[in-house]
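*Asks:* Chain by chain, the residues run as shown.
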Amino acid sequence: MAKRPVDRSGLLLDIRNLRIEATSYPPGEPPRNVVIVDNVSVKVERGKVLGLIGESGAGKSTIGLSSMCYGRGGVRITGGEVVLNGRDILRGGPKLLRQIRGREVCYVAQSAAAAFNPARKLMDQVTEAALLHRICSKAEAEKRAIGLFKKLGLPNPEKFGERYPHQVSGGQLQRAMTAMALCSEPDLIVFDEPTTALDVTTQIDVLASIKDAIHATNVAALYITHDLAVVAQVADDIMVLRHGKQVEYGDTHQIIKEPRQQYTNQLVSVHHIPHAENNPADAPILSVKNITAAYGGGLVKVLKNVSVDIHLGQTLAVVGESGSGKSTLARAITGLLPPMEGAINFSGRTLSPRLANRTRDDLRELQMIYQMADVAMNPRQTIGTIIGRPLEFYFGMRGRERDARVAELLHKIEMGKGFADRYPAELSGGQKQRVCIARALAAKPKLIICDEVTSALDPLVADGILKLLLDLQKEENVAYLFITHDLATVKSIADAIAVMYRGEVVRYGPKSEVLAPPFDAYTDLLLSSVPEMELGWLEGAMKNRRMASAGN
Amino acid sequence: MSAPVLKLVAQRIAMGILLLLAVSVLIFAGTQILPGDVAQSILGQSATPQALENLRRDMGLNDPAYVRYLHWLGGILTGDLGTALSSGQDIATSLKERLWNTLFLAFWAAMVSIPLAIILGLLAVRYRNGFVDKLISGLGLASTSLPEFFTGYLLIYFVAVRLQWFPSVSTVYEGMPFGERLSAIALPVTVLTLVVLAHMMRMTRAAILNVMQSAYIETAELKGLSPLQIITRHAFPNAIAPIVNVVMLNLAFLVVGVVVVEVIFVYPGMGQYLVDHVAKRDVPVVQACGLIFAAVYISLNIIADIVAIVSNPRLRHPK
Chain A
1 MAKRPVDRSG
11 LLLDIRNLRI
21 EATSYPPGEP
31 PRNVVIVDNV
41 SVKVERGKVL
51 GLIGESGAGK
61 STIGLSSMCY
71 GRGGVRITGG
81 EVVLNGRDIL
91 RGGPKLLRQI
101 RGREVCYVAQ
111 SAAAAFNPAR
121 KLMDQVTEAA
131 LLHRICSKAE
141 AEKRAIGLFK
151 KLGLPNPEKF
161 GERYPHQVSG
171 GQLQRAMTAM
181 ALCSEPDLIV
191 FDEPTTALDV
201 TTQIDVLASI
211 KDAIHATNVA
221 ALYITHDLAV
231 VAQVADDIMV
241 LRHGKQVEYG
251 DTHQIIKEPR
261 QQYTNQLVSV
271 HHIPHAENNP
281 ADAPILSVKN
291 ITAAYGGGLV
301 KVLKNVSVDI
311 HLGQTLAVVG
321 ESGSGKSTLA
331 RAITGLLPPM
341 EGAINFSGRT
351 LSPRLANRTR
361 DDLRELQMIY
371 QMADVAMNPR
381 QTIGTIIGRP
391 LEFYFGMRGR
401 ERDARVAELL
411 HKIEMGKGFA
421 DRYPAELSGG
431 QKQRVCIARA
441 LAAKPKLIIC
451 DEVTSALDPL
461 VADGILKLLL
471 DLQKEENVAY
481 LFITHDLATV
491 KSIADAIAVM
501 YRGEVVRYGP
511 KSEVLAPPFD
521 AYTDLLLSSV
531 PEMELGWLEG
541 AMKNRRMASA
551 GN
Chain B
1001 MSAPVLKLVA
1011 QRIAMGILLL
1021 LAVSVLIFAG
1031 TQILPGDVAQ
1041 SILGQSATPQ
1051 ALENLRRDMG
1061 LNDPAYVRYL
1071 HWLGGILTGD
1081 LGTALSSGQD
1091 IATSLKERLW
1101 NTLFLAFWAA
1111 MVSIPLAIIL
1121 GLLAVRYRNG
1131 FVDKLISGLG
1141 LASTSLPEFF
1151 TGYLLIYFVA
1161 VRLQWFPSVS
1171 TVYEGMPFGE
1181 RLSAIALPVT
1191 VLTLVVLAHM
1201 MRMTRAAILN
1211 VMQSAYIETA
1221 ELKGLSPLQI
1231 ITRHAFPNAI
1241 APIVNVVMLN
1251 LAFLVVGVVV
1261 VEVIFVYPGM
1271 GQYLVDHVAK
1281 RDVPVVQACG
1291 LIFAAVYISL
1301 NIIADIVAIV
1311 SNPRLRHPK
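Chain order of the listed sequences is A and B. Reading the first sequence from the start, the letters are residues 1 to 552 in the numbering used here. Reading the second sequence from the start, the letters are residues 1001 to 1319 in the numbering used here.
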């Protein structure tokens, strides 16, 4: 067994003046150097948890991985020191790095589903690092792994390791990855957005089991996330990062309750958009009546007897976990998946179940915006062409008339005229989603289906998009069917809410009624699972639960 | 093995049998379209019309084509491939020895080339874009680009004539000692290896490099595994299906495509047998050889499919 040096002071990781650079290759320009992390210093004591928080591009993952001296995708550590257990690992060479990785520092990735090798059993992968570093015997490692499976609340812990990654759920894999990191009993674990890809009800389970495991094993951790409410539940200290620089560094209570920087304050107060609920007008613009839909020729029923109404100029939010049938409802309404039973009335007429039988006006008045803005646009078309396409298709606009309307739409989404000649790849995530909104608006629709349109965006950018959608709704009097798993979003923008669970609408009505007690068990679970910016929220929420999440 | 895998495997095998039947129809039809008459070619130009007619009747040549096809097929299924027109010998008997010789040559070529190709492919990935990778790829591509008759004669000149290490003519006969047999086929095996090596090596390299992009390779790196451990433990198991596919294609080439090499080294295998009888317009022999080549090709591809199915954990261990 390799003896590792021990620093008596209790300081485990000491990153000093870290500087990380990469070379970017912008199209049509000479390569240039980009500074990703600039002069950041981080200290972690044994058994303590430091939260790294910031939006994408803030350099938090890059800093986290620097504790293992790992640069993802050609990133170079060009300055500073990373002192782990009393020695600078940047000057250690590949052999020392291999000794550290998986032995002193372990890593938990955002997408455990991708981070596990599909061809090998979970047990082999969980115990691999412990066996590689000769920390213990195979039998001992497996015993340890089973103990960890039990501690992390995995089902049937004795047999869990015999399964392959595709045989268990996403939440279980994320916990298995935590078990993998803990199995070699490292000094430090880097958690890189470990709950971001999970459903809200699964997130709270995984978060609670990670927190318990950290406390039980007394391991130190770097916890990376963009969600301040999540990190507030697990971290002792928090560092706020932006554009690779430190914004604020303090203990959790100070950051949450008394933020000193304006940017931190923005992050703390995210998701507070004032929106007064509208009362339903006379006749609904879209009325879905008793829809049942299935995949596989009627074998797998994913929608059961669903009925909802949407009124002109208002927003219906459809919430639920993945697999609850939210997106399938959108597919049924758009005609992509013709329902087996039920009818869809839109703007005073009954829509044909099949997309192919719908008129051009049916198509025009019902538009859609997707979660992944970048794959919803043709990368080889300019923004002008993308927004201009519905103008040509539905209104026959050409030439100067079309360009004028494109400019008008760009103005509406708060982007300048200059963007018309740019390509999607040159835009940020938020700008791309704005272009998709403009494209939907170009058709002058009466209803826009928004399928998780803010889930892939950073909180502050997502807030901007939500505000834009609300403003546009007032101007254009368009209705939204807003599909989301994020209840904070729902609270901000909805007029009515439909809660879906396993293909059925379990709760439906105006926002004020749906969000007022008494709750049914599922709505209660959903609501109580949304992380709140409160210290100790996690413990309270776990204690008061009435049902287990669907992830198990 | 679980039920879905068995079902998929059974489907593949059934498809293979159907395909083989279709090929047999094609081979039969193709030889029917060819000009010339079997009776005429047996009896020669001077035969009387009466003798021709008698022979045709005896051989069943006056029956409709489908009857003759079924007759032929029935014979094949019972192990009777007919008699060669040129020599009057039973085709099955003379083919057996030839086929065995060809399989012997192919087997040793495969034993050398497959492990070599995979090891070289792994090394190319380990030192990717470096000197070793470029050297392996360059030499591999060069050896594939040279036609086998060129490398064959080159080897005969240097290794057999100048150095006299191995014989230039690969004569083998029944009862030949194993060691001598190996020594006799050393040169054709080398030529075949050089021909198929690069394809398999490049494919192994590409398949593993593709897998190396995956997130779980990063996980392995962050566990502290060495580059070679990462490739063999985590990348290779996920690259098996494409590698086996290209290996099987090359194995099929080793059996089916050795004609030139067998002729160069005067090796008594299937290829030579086929070439000889094509020259003599011996249709039954050509039909039999064609069918055997097709059977080898199809069964090797079925094996590749089955390996791909079995190596996929999602199919092997359903939810």
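The hints are simulated quantities; they were obtained by calculation from the structure and are not laboratory data. Mixed in with the good hints, there may be bad ones.
Footprint (simulated), chain B over chain A, 3 or more residues, beta carbon under 8 Å [said to hold, decoys possible]: (1) 82–92; (2) 97–109; (3) 127–141.
Pulled from the structure, derived: some chain A residues nowhere near chain B, Cβ distances all over 10 Å [said to hold, decoys possible]: (4) Ala-115; (5) Met-415; (6) Asp-486.
Remember, it's a predicted structure, so these values are computed and weren't measured experimentally. The C-beta atom is built at its ideal place from N, Cα and C for all residues, glycine as well.
*Asks:* Against each hint, give a clear statement of whether it holds in the structure.
*Replies:* Structure-based check of all given hints:
1. A stretch counts as covered by a chain when three or more of its residues have a beta carbon under 8 Å from one of that chain; for the stretch 82–92 of chain A and chain B the count is 0, and the coverage is violated.
2. Coverage of the stretch 97–109 of chain A by chain B holds [criterion: at least 3 residues with CB-CB distance below 8 Å; count 10].
3. With a threshold of 8 Å between beta carbons, the proposed coverage of the stretch 127–141 of chain A by chain B holds, since 4 of its residues qualify and at least three are required.
4. Not every beta carbon of chain B lies more than 10 Å from that of Ala-115 (chain A), the smallest distance being close to 5 Å; the non-interface claim is violated.
5. Every Cβ of chain B is farther than 10 Å from the Cβ of Met-415 (chain A); the closest lies at roughly 34 Å, confirming the non-interface assignment.
6. Here Asp-486 (chain A) stays apart from chain B, with its beta-carbon at least about 25 Å from theirs, past the 10 Å limit.
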